[in-house]
Every structure is written in C-alpha cells, then in structure tokens.
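**Q** The lines below spell out each chain.
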Amino acid sequence: MLDDRKIALESDFLVERIDPDAKTLISYDEREIPFDLLVTVPLNMGADYIATSGLGNELNYVPVDKHTLRSRAYDNIFAIGDAADLPTSKAGSVAHFSADMFTRNFLRYVAGKPMTEKFDGHANCFIESGDGKGLLIDFNYDTEPLPGYYPLPAVGPFGLLRENSRNHWGKLAFRWMYWHLLLPGRPIPLPDHMSMTGKQRPAKER
Amino acid sequence: MATTTIGGRAVHVDPEGFLTEYGEWDDDLARQLAAQIGIELTDAHWKAIHFLREDYRTQGETATIRRVTTLAGIPTKELFTLFPKKPAKKMAYIAGLPKPHGCV
Numbered sequence: 001m002l003d004d005r006k007i008a009l010e011s012d013f014l015v016e017r018i019d020p021d022a023k024t025l026i027s028y029d030e031r032e033i034p035f036d037l038l039v040t041v042p043l044n045m046g047a048d049y050i051a052t053s054g055l056g057n058e059l060n061y062v063p064v065d066k067h068t069l070r071s072r073a074y075d076n077i078f079a080i081g082d083a084a085d086l087p088t089s090k091a092g093s094v095a096h097f098s099a100d101m102f103t104r105n106f107l108r109y110v111a112g113k114p115m116t117e118k119f120d121g122h123a124n125c126f127i128e129s130g131d132g133k134g135l136l137i138d139f140n141y142d143t144e145p146l147p148g149y150y151p152l153p154a155v156g157p158f159g160l161l162r163e164n165s166r167n168h169w170g171k172l173a174f175r176w177m178y179w180h181l182l183l184p185g186r187p188i189p190l191p192d193h194m195s196m197t198g199k200q201r202p203a204k205e206r
Numbered sequence: 207m208a209t210t211t212i213g214g215r216a217v218h219v220d221p222e223g224f225l226t227e228y229g230e231w232d233d234d235l236a237r238q239l240a241a242q243i244g245i246e247l248t249d250a251h252w253k254a255i256h257f258l259r260e261d262y263r264t265q266g267e268t269a270t271i272r273r274v275t276t277l278a279g280i281p282t283k284e285l286f287t288l289f290p291k292k293p294a295k296k297m298a299y300i301a302g303l304p305k306p307h308g309c310v
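Protein chains in written order, with the working numbering: chain Y, 1 to 206; chain P, 207 to 310.
Be careful, since some hints might not be right.
Straight line, CA to CA, 16 Å or less: simulated EDC-like cross-link-like pairs of lysine to aspartate or glutamate [stated by the list, open to error]:
1. Y:66 / Y:100
2. Y:66 / Y:48
3. P:291 / Y:16
4. Y:66 / P:267
5. P:253 / P:284
6. P:283 / Y:30
It is worth saying that the hints were derived from the structure and are not from the lab. Note that this is a predicted model, so its numbers are computed, not measured.
If we strip away everything but chain Y, and leave its shape as in the complex, we get (with noise of 0.2 Å):
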C-alpha cells in the first residue's frame, strides 16, 4: 500500500529539530528529511498532577501491573486509561478492555477475594485509507495485527489487516456506537480478551 501511494517510511528516525527556513527534519543522527507540509506528533505523555503526586514514571504514567493495572509501588493504588504505563497503544479501546476486565477484578478486591483475571493488551482500531476505505487491526501484548476477520471467524463482518469498504462504514457505525453505548455505559457484545479464532497467523510461525 505504501508503495502504490509512493510513501517512504525512513525508521529509527528521533526527531532532534526542525529547520523552518530550509523546511528539514532533522535526527539525533544528523539524517535530514525536507517536507513541503510537515504533520508532526509530539511525545505523548501523562497527565502533570501524575507527575506532582510522585506516582508517576519520566512519562508522566504511573508504573502498573500490566495484567491487574495495580500499582508496582502500593497495593492500594490502580490507574486504568491513559494514567497507567500499560505497554500498549494510548487508544480507546485498551481504556475500554481493560476497563471490563477491571470492573469485575476490583470488585472481588474490595471484598477481599484475589484478582483472578488478567488483561491481556487487547486493542483494536479501524484506520481509514482514504477513498471511502479503510482498515481494522486487532492484536494485544503478545500478538502482532493479523489478517483475518473480526469479530466473528470467517463471516466478519470486518476484516483484519486488509483495506475495504466495509471497514470505512464500519468506522462511521461506530461513531453511533461510541456516542450511543460506549459513553453511557451500555454493554457491547465484544469480549474483552483478544480472540486467536478468525486470525490467520503467516505460514512461517507456524
């Protein structure tokens, strides 16, 4: 795809600064990259009263159980969202998986029973390509996206790592989704742990 669209990917690419009068990028490793238009995302960090309360890591999160979302310096601390240092993707739907499994574990907690599930890094998010198209990933801590169909096996209706139409009005359904039962509260028929049914894994790891 990024080759049909003539995108070059330069990685390992750190940002030390820009040059606005010779419109350049510039790396730690002197690489210079020009831009005609530069869209650019600053490094995404926590919260600032994380940082003052002294909870929080050099990014401003605070340093959790990657299973429990139980603080790694006291017992009786959580952070759920974007507050934990969760090796994942800030995205809605890590707050939201990790969310249910949360719900349920911290209630057996504060009636002194032991957390018996674990997140799994479960997330997911539609990525629009343009032309009415777009693309769905779903993947967690230990599984790369793959191709597939999600979130049923072989019937989908919205398929994994593959652009189509499909995928884009599946996007625009869950703008209604988000407002109408994700924000309220209301269940949506999705589990929260990452499902390997429906995923096809490339031929050499198997």
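The hints should help you fit chain P onto chain Y, whose structure is shown.
**A** Here is chain P on its own, set in the frame of chain Y:
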C-alpha cells in the same frame, strides 16, 4: 527457546538474538555481544548498559531512550553516537535484555 554459543558459552536467545535469561549475562558476555554488532565498549557505553541492567532488575521492562536520558542523564545525542542508528535496540541487545517493544 533457542540457544546459541557466544564467546564459547551457551546462552538462551529469542529469534532475533536477544538474551532471554537475565542471569546468563555478565560484563564479559556484553563485550562479546557488542563486538557482534561492531561496538567496542567504553566507559560511556558501560554507564548506559549498567543503568539498563539495574533498571530492568527493579522495573521488569527494558528502559526506553527517554528513561535512559532522564534517569541516567545521558543525552539522546550521545546515545546515538554510542549506539549508532538504533540505540534502544542495540543497548538492550548488549545488556542482554528483551527487545524494547513499540505499541503495535
């Protein structure tokens, strides 16, 4: 898990060659690992490597570049000089720690 022989010693590694057993590493092995990727370790390298080892022991995760610059006080520019092109991966490799992971 696969094993490989580095400097006459059998160690456990993942498919990309990163050590998987924290306890199998020592300074001598680090020199061998560094030599495999064309790096000769100086005091400046050791400062970063030993920080990574100690940080992993307490945190259970390989430190990010940001963490090394903030907590060990080594500027990003210097890390790119010491471990050219891919400092995060090269430091982890030499320190015998898991490859740092991106978000996807």
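**Q** Sort out whether residue 30 of chain Y lies within 16 Å of residue 283 of chain P, counting only the CA atoms.
**A** holds (10 Å)
**Q** Please verify whether residue 291 of chain P and residue 16 of chain Y have alpha carbons no more than 16 Å apart.
**A** holds (13 Å)
**Q** Next pair to validate is residue 66 of chain Y with residue 100 of chain Y; report whether the Cα-Cα distance is within 16 Å.
**A** Cα-Cα ~14 Å, so holds.
**Q** Could you grab the alpha-carbon distance between residue 253 of chain P and residue 284 of chain P and see if it respects the 16 Å cut-off?
**A** This hinted pair holds, its Cα atoms lying about 12 Å apart.
**Q** Do the alpha carbons of residue 66 of chain Y and residue 48 of chain Y lie within 16 Å of each other, as the hint requires?
**A** Answer violated: residue 66 of chain Y to residue 48 of chain Y is near 22 Å, above 16 Å.
**Q** Would the hint linking residue 66 of chain Y and residue 267 of chain P be met if the CA-CA limit is 16 Å?
**A** Between residue 66 of chain Y and residue 267 of chain P the Cα gap is close to 11 Å, so the pair holds against 16 Å.
When held up to the earlier numbered hints, the structure conflicts with hint 2 and nothing else.
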